[in-house]
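The lines below spell out each chain.
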Amino acid sequence: TYMPRPGDGSPRPVTLIPGDGVGPLVTGAVEQVMDAMHAPVYFEKYDVYGDMKNVPPEVLESIKKNKVCLKGGLRTPVGGGVSSLNMILRKELDLYASLVHCFNLPGLPTRHENVDIVVIRENTEGEYAGLEHEVIPGVVESLKVITKFCSERIAKYAFEYAYLNNRKKVTAVHKANIMKLADGLFLESCREVASHYPTIQYNEMIVDNCSMQLVSKPEQFDVMVTPNLYGNLIANTAAGIAGGTGVMPGGNVGADHAIFEQGASAGNVGNEKLLEQKKANPVALLLSSAMMLRHLQFPSFADRLEIAVMRVIEEGKYRTKDLGGHSTTQEVVDAVLANLD
Amino acid sequence: SFLNRSFSSESNLIRATLFPGDGIGPEIADSVKQIFKVADVPIEWEEHFVGTEIDPRTQSFLTWESLESVRRNKVGLKGPMATPIGKGHRSLNLTLRKELNLYANVRPCYSLPGYKTKYDDVDLITIRENTEGEYSGLEHQVVRGVVESLKIITRQASLRVAEYAFYYAKTHGRQRVSAIHKANIMQKTDGLFLKCCREVAEKYPEITYEEVVIDNCCMMLVKNPALFDVLVMPNLYGDIISDLCAGLIGGLGLTPSCNIGEGGIALAEAVHGSAPDIAGKNLANPTALLLSSVTMLRHLDLHDKADRIQDAVLKTIAEGKYRTGDLGGKSTTSEFTKAICDHL
Ligand SMILES: Nc1ncnc2c1ncn2[C@@H]1O[C@H](COP(=O)(O)OP(=O)(O)OP(=O)(O)O)[C@@H](O)[C@H]1O
Ligand SMILES: Nc1ncnc2c1ncn2[C@@H]1O[C@H](COP(=O)(O)OP(=O)(O)OP(=O)(O)O)[C@@H](O)[C@H]1O
Ligand SMILES: [Mg+2]
Ligand SMILES: [Mg+2]
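Top to bottom, those sequences are chains A and B.
Numbered per our numbering, the first sequence spans residues 21 to 361.
Numbered per our numbering, the second sequence spans residues 61 to 404.
Treat each hint with caution, since some may be false.
Calculated lysine-lysine pairs in the DSS-like style (CA-CA distance at most 30 Å, straight line) [to be verified]:
#, chain 1, residue 1, chain 2, residue 2
1, A, K111, A, K87
2, A, K200, B, K248
3, B, K178, B, K381
4, B, K390, A, K237
5, B, K341, B, K93
6, B, K178, A, K341
7, B, K283, A, K298
8, A, K237, B, K283
9, A, K337, B, K283
10, A, K73, A, K298
11, B, K248, A, K73
12, A, K189, B, K283
13, B, K283, A, K293
14, A, K84, A, K65
15, A, K189, A, K200
16, B, K390, A, K73
17, A, K293, A, K200
18, B, K398, B, K97
19, B, K248, B, K97
20, A, K337, A, K298
21, A, K237, B, K178
22, B, K375, A, K237
23, A, K73, A, K87
24, A, K111, A, K200
25, B, K283, B, K97
26, A, K176, A, K85
27, A, K237, B, K176
28, A, K176, A, K111
29, B, K248, A, K111
30, A, K200, B, K158
31, B, K176, B, K93
32, A, K168, B, K248
33, A, K188, B, K283
34, B, K375, B, K390
35, B, K283, A, K341
For the chain A half of the interface with chain B, some residues (derived, Cβ under 10 Å), not all of them [said to hold, decoys possible]:
#, residue
36, H132
37, V160
38, L163
39, V165
40, K195
FYI, nobody ran anything at the bench for these hints, they're computed from the structure.
Glycine is no exception: its CB is placed at the ideal position from the N, C-alpha and C atoms.
Same shape as in the complex, but just chain A (with noise of 0.2 Å):
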């Protein structure tokens, strides 16, 4: 049993991004599911759109105080970049560490069986620094800054992470080989994290050759800590093996704060006739707010959520076009709150 502390039942404020596209269809969702289970939650809202210049100094403040979000798509604007709002806010809170969990719902057929991978990602340096310049016409170079300090918190993240969730192996991708001082450096850290768990084991994989055993066999894998880019490419791969963008959970996390969303896709925000028809898949985000929960130490809370999205998988009546159904978002909602204890 959990025994709290006199006082934890308390409601928690919680900023919610509903954000562009299916992402107000989405968080809807999920504030429905934590009304329905009267979660020790209360959401403070807030109007953010990818098209803006920067994150209003408001919704700053509010994650600052809440310490957690939850949030929908934003949408990267055309020419995108390190100004999207995304990315402002994974810098401006300094969330340096992306997960996403990347696992076989049970019942929910898909090429692979037994996924269940955690990809565990460098959020705020490498080729995303944004520094980019045209030396002369016609030839124009990109940095990719690897630093010691950063390499060595998100290390220690996931070996952190590996630990507290029972986790048994830890594999670092990189190509080293080619990139010899940048993802060197990378390893380095890794290899002297990885010194402070015996318990744990801890393997390299340059990040061709992990691409291709990704697809051919993907049960090899447990948690696995990535550079920036490799970690982007490695989720998506890893969430299309187990069942598609739309089902998969996840969030950023810094020392102070966390931002939950669906997992291998912080700029999907659907298309136009997802959105006109309501029928985007709720199920990543309920699953992250599932994540969330657990993240503010309401395990109950989150176990509940959890079972009642994977009864509504399991039973296969009421899911989304992306899983090979028919069914709305709220066809699916309302199936979930059917199920809740």
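The hints should help you fit chain B with the ligands onto chain A, whose structure is shown.
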């Protein structure tokens, strides 16, 4: 380019360079030679071996004469080369790539009928820029604990690989070219790559052109690889995507590859390693090198020979009676080779 090929003096055989390579290389190269003979392929091999000493002219174990042979013949086949450990010389593969300016790596990826994997609807071509990008080798330490690595994208190299991709699509009856990028983050570098692809696309109105962000591409490939036709991309993305695609159809033991170089050079190669653990034991699977030799024949416009050999290889694998250990069978390299010859 076909016209200025070097023919051997007394016959009209096409001369091609062959690097059997290390480890299992000689065994699988033998298999290719044997099959070419039985199929009456009009090729005369000029065999070159990796030296035992560094040739100062190339700073590598590959001799100047070997490189000249490829330059002269403009076409070649290469087995795996293990770079000996030690300092003072370049990796053999890097030497070939730099000296012959092999700017595009082409990997046809198709499901082998009869060899079941989790993905049975793959039929795509990955074309990877091979000379710049993240593999520029330019890295330095700014201060202790902070390093930078440079990614270089040039208009010249991007245009060159894009040109090849569209040319390939057109000459191989392909409908669509997808440029794979991350220009939403790397606006200038990947942006330039895309700009070059667009320019070339305009010259090929009959071919559909699209742009796909790399992370989305990874997801689409594992959900439905049939969505893709020809993919063209910068170096690192090509490295990752081409191996991912190889994984879809059963691994590097089955995937052919061909490198295109300056002046129309085509050097086909098996991309797997030298497999020292099974070298000399008659256990190696020659499929990847064979299918690579098929891409070489296609480059030479010897399509009926290419078809015959490809069909025989696929039939042998599909039949399942003779398969090497890596495909779960018990056959030796020579038994498998003989079965292919019987199917020719
Ligand atoms: N919740 C969902 N419901 C329905 N379909 C979805 C959902 N999430 C993703 N998809 C489908 O998967 C496609 C690719 O989505 P993905 O989330 O990778 O977008 P993205 O723009 O690449 O995001 P990012 O740049 O953060 O990776 C979408 O266009 C959509 O068709
Ligand atoms: N053509 C082949 N036929 C059968 N098995 C193969 C073949 N190529 C590779 N293998 C097997 O795959 C595994 C990986 O070998 P591979 O040679 O690719 O990597 P490697 O040991 O790193 O070699 P290298 O150092 O030359 O890259 C080995 O166990 C090998 O036996
Ligand atoms: Mg994505
Ligand atoms: Mg590779």
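Taking the hints in turn, this is what the structure says about them:
For the hint pairing A/K111 with A/K87, the CA-to-CA distance comes to about 15 Å; that is within 30 Å, so the pair holds. Using a Cα cut-off of 30 Å, the hinted pair A/K200 and B/K248 holds, with the two alpha carbons roughly 24 Å apart. With a CA separation close to 21 Å, the supplied pair B/K178 and B/K381 stays within the 30 Å bound. Proposed proximity of B/K390 and A/K237 is supported: the alpha carbons are some 22 Å apart, at most 30 Å.
As the CA atoms of B/K341 and B/K93 are separated by approximately 18 Å, the hinted pair is consistent with the 30 Å bound. At most 30 Å may separate the alpha-carbon atoms for a hinted pair to count; B/K178 and A/K341 meet this at roughly 22 Å. For a cut-off of 30 Å, the pair hint linking B/K283 to A/K298 stands: about 23 Å separates their Cα positions. Taking the CA atoms of A/K237 and B/K283, the gap is about 16 Å. The hint holds against a cut of 30 Å.
Restraint check for A/K337 and B/K283: satisfied, since their Cα atoms lie roughly 22 Å apart, inside the 30 Å limit. A C-alpha spacing of about 28 Å is found between A/K73 and A/K298, which places the hinted pair at or below 30 Å, so the restraint holds. Distance restraint check for B/K248 and A/K73: the Cα-Cα separation of roughly 20 Å lies within the 30 Å cut-off, and the hinted pair is therefore satisfied. For a cut-off of 30 Å, the pair hint linking A/K189 to B/K283 stands: about 26 Å separates their Cα positions.
Under the criterion of a C-alpha separation no larger than 30 Å, the hint pairing B/K283 with A/K293 is consistent with the structure, at around 20 Å. For the given pair, A/K84 sits about 14 Å from A/K65 by alpha-carbon distance, which is consistent with the 30 Å threshold. Between A/K189 and A/K200 the CA atoms are separated by roughly 24 Å; this keeps the pair inside 30 Å, and the hint holds. Under the criterion of a C-alpha separation no larger than 30 Å, the hint pairing B/K390 with A/K73 is inconsistent with the structure, at around 64 Å.
In summary, the hint linking A/K293 to A/K200 is not supported, as the alpha carbons are separated by about 46 Å, beyond the 30 Å threshold. With a CA separation close to 12 Å, the supplied pair B/K398 and B/K97 stays within the 30 Å bound. Using a Cα cut-off of 30 Å, the hinted pair B/K248 and B/K97 is violated, with the two alpha carbons roughly 51 Å apart. Proposed proximity of A/K337 and A/K298 is supported: the alpha carbons are some 17 Å apart, at most 30 Å.
Proximity of A/K237 to B/K178 is assessed by CA-CA distance (about 11 Å); at most 30 Å being required, the pair is judged to hold. Under the criterion of a C-alpha separation no larger than 30 Å, the hint pairing B/K375 with A/K237 is consistent with the structure, at around 26 Å. Distance restraint check for A/K73 and A/K87: the Cα-Cα separation of roughly 23 Å lies within the 30 Å cut-off, and the hinted pair is therefore satisfied. Distance check on the hinted pair: A/K111 and A/K200 sit about 27 Å apart at the alpha-carbon level, within 30 Å; holds.
At most 30 Å may separate the alpha-carbon atoms for a hinted pair to count; B/K283 and B/K97 exceed this at roughly 41 Å. Between A/K176 and A/K85 the alpha-carbon distance is near 25 Å, which keeps this suggested pair within the 30 Å criterion. A C-alpha spacing of about 15 Å is found between A/K237 and B/K176, which places the hinted pair at or below 30 Å, so the restraint holds. Our distance criterion of 30 Å between C-alpha atoms is met by A/K176 and A/K111, whose separation comes to about 19 Å.
Our distance criterion of 30 Å between C-alpha atoms is met by B/K248 and A/K111, whose separation comes to about 21 Å. A distance of roughly 19 Å separates the Cα atoms of A/K200 and B/K158; the hinted pair therefore holds under the 30 Å criterion. Taken as a hint, the B/K176 and B/K93 pair is honoured in the structure, with Cα atoms around 28 Å apart against an allowance of 30 Å. Note on A/K168 and B/K248: the hinted pairing holds, with a Cα-Cα distance of about 27 Å set against a maximum of 30 Å.
In summary, the hint linking A/K188 to B/K283 is supported, as the alpha carbons are separated by about 28 Å, within the 30 Å threshold. Proximity of B/K375 to B/K390 is assessed by CA-CA distance (about 17 Å); at most 30 Å being required, the pair is judged to hold. The hinted pair formed by B/K283 and A/K341 meets the criterion: a straight-line CA distance of about 14 Å does not exceed 30 Å. Satisfaction of the interface hint for A/H132 is found here, the shortest Cβ-Cβ separation to chain B being roughly 6 Å, below the 10 Å cut-off.
Residue-level restraint check for A/V160 holds (minimum Cβ-Cβ distance to chain B is 5 Å; threshold 10 Å). Hint on A/L163 holds. Least Cβ distance to chain B is approximately 5 Å, under the 10 Å limit. About 6 Å separates the beta-carbon of A/V165 from the nearest beta-carbon of chain B, less than 10 Å, and the hint is met. A least Cβ separation of about 7 Å between A/K195 and chain B falls short of the 10 Å threshold, and the interface hint therefore holds.
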